[in-house]
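Peer 1: Listed below, chain by chain, are the residues.
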Amino acid sequence: MAAKKLNLRKRYELLTRGMGWDTTYQKMDDVFPYDSFEGIKITDWDKWEDPFRLTMDAYWKFQAEKEKKLYAIIDSFAQNNGQTNLVDASYLSAIKLFITGVTPLEYGAHQGFAFLGRHFRGEGARVACQMQAIDELRHAQTQIHTISHYNKHFTGLHDPFYQFDRVWYLSVPKSFIEDAQSSGPFEFITSISFAFEYVLTNMLFVPFMSGAAYNGDMATTTFGFSAQSDESRHMTLGLEIIKFMLEQHEDNLPIIQRWIDKHFWRAYRLLALVSAMQDYMLTNSPMSWKEAWEIYFVENGGALFEDLGRYGLKMPKHHELATAEADHLSHQVWSVFCALGSATGFHTFEPSDEKMDWLSEKYPDTFDKYYRPRFEHWKKQKKEGTFKYMESLPQLCQVCQIPMVFTEVQTDPMQLSFRSTEFKGDKYNFCSDGCKDIFEHEPEKYTQAWLPVHQIFQGNCGGATIPEVREWYKFAPEDGSDYFDSQDYRRWQEWHGKDEPAKTGSND
Amino acid sequence: MAIIAKDGYVDIVRDKVENFHGNQVVYVSWDDHLLFCAAQAFPLPPQMPFQALVSDVMSSVFNWHDDFEKVNWSQVLWNLDGEAFEPDMAKSLAENGVAHKSLIRFKTPGLTGINGTRI
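Chains A and B are the protein sequences, given in the same order. In this text, residue positions in the first sequence follow the working numbering: the first is 1, and each later residue adds one. In this text, residue positions in the second sequence follow the working numbering: the first is 1, and each later residue adds one.
Because the hints were derived from the structure by calculation, they are not lab data. Computed from a predicted structure; not experimentally measured. There's no promise every hint is true.
[As the list claims (entries may be wrong)] The calculated BS3-like cross-link candidates involving lysine-lysine, where the alpha carbons are at most 27 Å apart (straight line), are:
#1 A:445 - B:91
#2 A:47 - B:70
#3 B:70 - A:382
#4 A:243 - B:6
#5 A:427 - B:70
#6 A:174 - B:70
#7 B:16 - A:369
#8 A:314 - A:445
#9 A:379 - B:70
#10 A:436 - B:91
#11 A:379 - B:91
#12 B:6 - A:174
#13 A:436 - B:70
#14 A:424 - B:70
#15 A:27 - B:6
#16 A:383 - B:107
#17 A:436 - A:314
[Unchecked claim] Away from chain B, derived, C-beta distances all over 12 Å, residues of chain A:
#18 106
#19 134
#20 206
#21 303
#22 310
#23 358
#24 391
#25 426
#26 456
#27 468
Note that beta-carbon positions come from the ideal geometry of N, C-alpha and C, so glycine has one too.
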């Protein structure tokens with residue numbers, strides 16, 4: 001008698017749970033040594049509800065289909081010189097920051113989920129993490145393939161992974177992912193799947209997918225779409241793991257709350273870089289950082305935590321400050337990049353008059369009062385030929401590693417925010433109470449931070465001057481500084497005829 | 001807090017003062033001059049006289065702002081690690097209590113940035 005075809009559910013069970021067993025020659029605790037030291041209590045892994053019933057064979061089929069479509073579009077983009085359809089070459093600063101700052105995060109997430117795919121005791125969770133590990137690898141790979149086309153025509157895209165381990169502003173994403181990767185498996189998944197992918201992922205997707213589409217970048221739009229269906233699976237996993245841990249044991253709640261507080265703040269600080277891309281680096285911004293924050297965090301995030309309130313979970317600590325900072329964040333971050341423009345691997349530029357008016361409209365309470373004057377000052381200096389980049393180095397936060405540019409937005413927006421503490425006789429400095437809290441909970445972890453400015457002072461980065469350090473970063477001479485003095489700008493003008501004024505024209 | 005790590009942590013304090021070849025890190029921030037987006041960091045010998053910090057180190061960086069040449073140094077208000085203090089210009093950083101990774105803030109009465117914007 002021919003075997004009856006199994007129904008999907010049965011087939012799924014056999015291909016996930018059915019593949020696992022309890023070991024007898026070795027103790028289970030020795031086989032799975034990483035899933036207990038964090039203090040999370042799991043009484044019954046069988047209660048794990050798979051958020052998506054996808055078997056490995058079906059997974060491969062779906063993903064192969066996505067790849068085929070994606071690469072067909074990327075090929076045609078390359079053959080048709082798609083790069084010439086961008087709105088302006090200055091837009092590529094955002095893509096340069098993306099490939100150097102975000103793509104290596106995808107790879108780090110791949111490593112992290114591969115680890116979880118081995119070390120979670122429950123088979124269902126292991127299979128879900130294995131799939132996500134492959135997704136993340138695919139995202140890194142497709143981003144590299146897509147952006148490699150731009151690398152043929154534009155500067156600053158040539159050594160993203162080498163630079164990720166060295167460059168001062170890339171230590172921000174690097175320290176973020178390494179913080180998660182050096183945690184236990186439950187903290188890692190809370191950080192990446194919940195705090196980042198569930199709560200905050202839209203803050204990254206808006207500038208990159210809608211932003212790319214708004215600026216004629218069909219290549220980035222395409223990989224964004226290809227990744228999006230994976231992302232919805234990832235978000236579901238993020239929510240499931242939180243609910244699962246909370247339902248397993250009441251002792252898990254305070255641990256999870258602390259992780260959510262910590263990784264919300266870590267991820268939010270990382271996204272400060274994205275806020276600058278969204279408001280300043282995109283020639284045309286689909287929405288402002290503040291608008292995105294209101295919709296995706298205040299409204300959607302608020303509703304999510306209201307729902308999770310039945311487990312006793314509260315909104316992440318310091319979320320009020322993050323919301324108050326929405327009026328200031330992008331302006332503060334873009335200012336530091338403009339001031340240190342000779343030390344960046346992408347081009348900086350003051351906003352055009354048109355862009356400044358857009359910023360005034362989107363930030364009526366803050367832009368004209370606090371931020372417009374500094375951009376106008378630099379613009380005037382550039383016109384007069386008196387502008388110089390800063391050559392000294394900024395103080396960095398011990399935890400998020402961002403230059404300490406944030407201010408006391410709730411009391412005095414023109415006063416820098418300084419926090420500090422002492423540990424074993426040394427001083428440590430922080431940009432915010434959020435970062436200070438994280439340090440004080442695990443000081444032994446953060447005293448190890450590789451702070452780029454201090455590493456330069458210790459003589460570990462090729463020299464003491466900006467040109468020496470740039471060389472050590474493998475920044476080519478034409479990679480940084482002002483867009484209007486750049487090879488990218490000159491090339492763009494040649495392609496489009498020299499009479500056409502650049503859209504971002506600031507030297508007008 | 002208790003350490004939460006499977007095998008503990010390797011005891012690394014990456015920014016011990018010994019790692020800076022005889023220098024210590026000093027941060028300096030000019031209040032009401034946000035053209036400097038953050039405090040500036042300097043590796044300096046602890047024996048450096050405070051006067052040298054002002055005339056050699058700070059002047060080479062803070063002159064980026066037009067207000068710098070107008071500073072009346074006798075009126076400057078100083079703050080060290082969150083406390084008001086009056087440095088002895090002839091004494092060294094260490095003798096003035098400036099430690100490794102200390103933050104020095106200075107306020108210049110009457111000078112409040114470009115057109116009084118605190119920038």
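Peer 1: If a hint holds in the structure, say so; if it doesn't, say that too.
Peer 2: The hints, checked one at a time:
| no. | hint | in the structure |
| --- | --- | --- |
| 1 | A:445 - B:91 | violated, 36 Å |
| 2 | A:47 - B:70 | violated, 71 Å |
| 3 | B:70 - A:382 | holds, 23 Å |
| 4 | A:243 - B:6 | holds, 24 Å |
| 5 | A:427 - B:70 | violated, 33 Å |
| 6 | A:174 - B:70 | violated, 42 Å |
| 7 | B:16 - A:369 | violated, 41 Å |
| 8 | A:314 - A:445 | holds, 26 Å |
| 9 | A:379 - B:70 | holds, 23 Å |
| 10 | A:436 - B:91 | violated, 32 Å |
| 11 | A:379 - B:91 | violated, 41 Å |
| 12 | B:6 - A:174 | holds, 22 Å |
| 13 | A:436 - B:70 | violated, 36 Å |
| 14 | A:424 - B:70 | violated, 41 Å |
| 15 | A:27 - B:6 | holds, 18 Å |
| 16 | A:383 - B:107 | violated, 30 Å |
| 17 | A:436 - A:314 | holds, 20 Å |
| 18 | 106 | holds, 26 Å |
| 19 | 134 | holds, 26 Å |
| 20 | 206 | holds, 25 Å |
| 21 | 303 | holds, 31 Å |
| 22 | 310 | holds, 27 Å |
| 23 | 358 | holds, 21 Å |
| 24 | 391 | violated, 8 Å |
| 25 | 426 | violated, 6 Å |
| 26 | 456 | violated, 9 Å |
| 27 | 468 | holds, 15 Å |
The structure fails hints 1, 2, 5, 6, 7, 10, 11, 13, 14, 16, 24, 25 and 26 (numbered hints given earlier, in ascending order).
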